[in-house]
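Please take these sequences and the hints and turn them into a complete structure.
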Amino acid sequence: MKKLFKILALLSFILTFGHTSTTNSPTIDSSIVKIYTVSKSTNYLEPWNSSVGRSSGSGSIISGNRILTNAHVVANETFIEVKKYGDTKRYQAKVLEVSHDTDLALLEVEDKDFFKETTPLTFGVLPKMQDKVTVYGYPMGGHTISVSTGIVSRIEHNRYAHSGKRFLAIQIDAAINPGNSGGPTISNGKIVGVVMQGITFSQNIGYMVPVDIIQHFLKDVEDGKRDGFPKLGIMTDKIENPSLKKYYKLEEDAGGIIVVDIVHNSILKDVLKKEDIITAIDGHKIESDGTVEFRENQYTHFKYYIDLHQYGDEVSLEVLREGKKVSLKATLPKTSSKEKSTYAQLEYDKMPTYFMLGGYVFSPITQNLLNASPSPVLGLRYSATKFPKKNKQELVVLLKVLASSHSRGDYGISLWHIEKVNGKEFKDFKEFYTLVTTTKEKFIVLEDEDGAKVVIDKEEALAAEKGLLKRYSIKANKSDDL
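Residue numbering for the sequence shown is -22 to -1, 1 to 460, as defined by mature numbering (1 follows the signal peptide of the UniProt record, and there is no 0).
Check each hint, because a few of them may be wrong.
To be verified - Simulated restraints, written as ranges between beta carbons of each label pair: (1) LYS247 with LYS420: 40 to 46 Å; (2) HIS242 with GLY167: 46 to 52 Å; (3) SER383 with GLY357: 29 to 35 Å; (4) SER383 with ARG204: 30 to 36 Å; (5) LYS368 with LYS197: 29 to 35 Å; (6) THR415 with ASP109: 38 to 44 Å; (7) GLU86 with LYS252: 28 to 34 Å; (8) GLY301 with LYS431: 47 to 53 Å.
These are calculated hints, taken from the structure and not from any lab test. Think of the CB as a built atom: it goes at the ideal place given N, C-alpha and C, for glycine as much as any other residue.
Take a look at the structure:
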């Protein structure tokens, strides 16, 4: 699964789609927007450094004087401008709401003149296989609006390259080029999706965020805050093997998924038990391969029937527990849990968190850092996929050691996992930071899970700090959030 995500992330044009046509609808054309983004690119291997880049994408005007686009078009933005079809003027815009998980964002423009002579696009329904769709946007190869047509070739859960999360996605065969990201996919004059990503070295394989996901996002943010899609906080596995079915007293032709683990803050922690077999969600049967039928003879990930819910809804589960059928109900909390589902998460719209003591640089583990690292660090990557525990919310590493007289012998260390500080465990990076900075001990003793130690003379490290910051052109010894 990880390998598939890496291939998709590497091969994806996380920027977009298009081709020229002369069949443009004037009403639709007037609602298509080009988005110019200036963004800050962060360097998680040198967390004090960043660079500025420029990119462009597409969007569409929808109700409420809002512009719908992809999250990755405006991620890490520092300045946004938009230009509508048939106008040469750029207007300043800002992000109103963003869902990085589903790669969707809403923009607003303060100058309401921007919306004159435009017609907000409306939404259609989830298209069917082989339905004809039209993609609008501003791809590379020119400066004017571009249109491409294709058909729906596949509908199933897939990994979104921007977030790595799995949601329903629609595969289309329209021509794809960077620049169309965020542009609408139209069927019968209505939005049925937002162009999201493509795969290079393929013959017209592109993906869009389907209208169901968009509508969920829009409904979610109606109250002015985004809760996102419900996370069950459980780890499951398929139950296809005949012997495994016999062991769990499951009939040969029955389906279901087995609960392998439950995270400590799961919304189902008081409802489910380990080794429960979930056989149906809201009355929809789960097959042995973990899929559900969402249309006749069309199957996708069982998560489909969870994704239809908002926080605050009730979900019903059919479960086989110790060979007995049990019907369960769970109310999804009114607001989403902000705790992580795995130790390593992707971060957006912020600078990396770090702390340096005498050239010893520390950082919490994030997916951004693991993606940036050329080192395999297989043990660390495996640990990062686990569920956080109540008393362990973040993993901390000694990111690197800057060479100096007091760090001789250590400056080859990188991405070294720290479990204890002077014999004490810690919950997260801020607690680690507090332990290091407030200790009265002469030596700071860092220890990994195997008991190996790195020892820092705190007095010497502090004395060398100012000179190291100057020598390595580092503005501060810690990130602003500390």
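So, going through the hints one by one against the coordinates:
{"no.": "1", "hint": "LYS247 with LYS420: 40 to 46 Å", "in the structure": "holds (44 Å)"}
{"no.": "2", "hint": "HIS242 with GLY167: 46 to 52 Å", "in the structure": "holds (48 Å)"}
{"no.": "3", "hint": "SER383 with GLY357: 29 to 35 Å", "in the structure": "holds (31 Å)"}
{"no.": "4", "hint": "SER383 with ARG204: 30 to 36 Å", "in the structure": "violated (50 Å)"}
{"no.": "5", "hint": "LYS368 with LYS197: 29 to 35 Å", "in the structure": "holds (32 Å)"}
{"no.": "6", "hint": "THR415 with ASP109: 38 to 44 Å", "in the structure": "violated (60 Å)"}
{"no.": "7", "hint": "GLU86 with LYS252: 28 to 34 Å", "in the structure": "violated (46 Å)"}
{"no.": "8", "hint": "GLY301 with LYS431: 47 to 53 Å", "in the structure": "holds (50 Å)"}
Going through the hint list in order, the structure does not satisfy hints 4, 6, 7.
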